[in-house]
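Enquirer: Heads up: the sequence shown begins at 235 in this note's numbering, then just goes up one per residue.
Hints were generated in silico from the structure; no laboratory data involved.
There is no bait here: all hints are sound.
Computed beta-carbon distance windows for the label pairs:
id : residue 1 : residue 2 : range
1  : Asn279    : Val240    : 19 to 29 angstroms
2  : Ile237    : Lys271    : 16 to 26 angstroms
3  : Ile286    : Leu250    : 34 to 44 angstroms
4  : Ile286    : Lys235    : 33 to 43 angstroms
5  : Val240    : Phe268    : 15 to 25 angstroms
6  : Val246    : Lys287    : 44 to 54 angstroms
7  : Val272    : Leu251    : 14 to 24 angstroms
8  : Lys235    : Tyr265    : 15 to 25 angstroms
9  : Val246    : Lys288    : 42 to 52 angstroms
10 : Lys235    : Ile270    : 12 to 22 angstroms
11 : Arg239    : Lys264    : 23 to 33 angstroms
12 : Lys284    : Lys245    : 35 to 45 angstroms
Cβ atoms here follow ideal geometry from the backbone N, Cα and C, with glycine treated the same way.
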Amino acid sequence: KNINRVLNTIKVVSLLLDISKYKFNITSIKYLGFIIKVEKGLYINLKKVKAIKK
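Using the sequences plus the hints, can you model the full thing?
Expert: Structure below.
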C-alpha cells in the first residue's frame, strides 16, 4: 500500500530512479551499526560489538 503511494508520487513529479539501487519486500536492514527488523524493532549488530571489543 505505502510503496504504491511512494511510486505514484515519484511518477507524478517525474523523478527518475535507478531501480537497481533499491530493495523491496525485505524484513530487515543494517543501518548505522544496527539491524532494524519489521515489526520487531532495533537490534545491535553483534558483528560490530565484536569488532569494538577487540
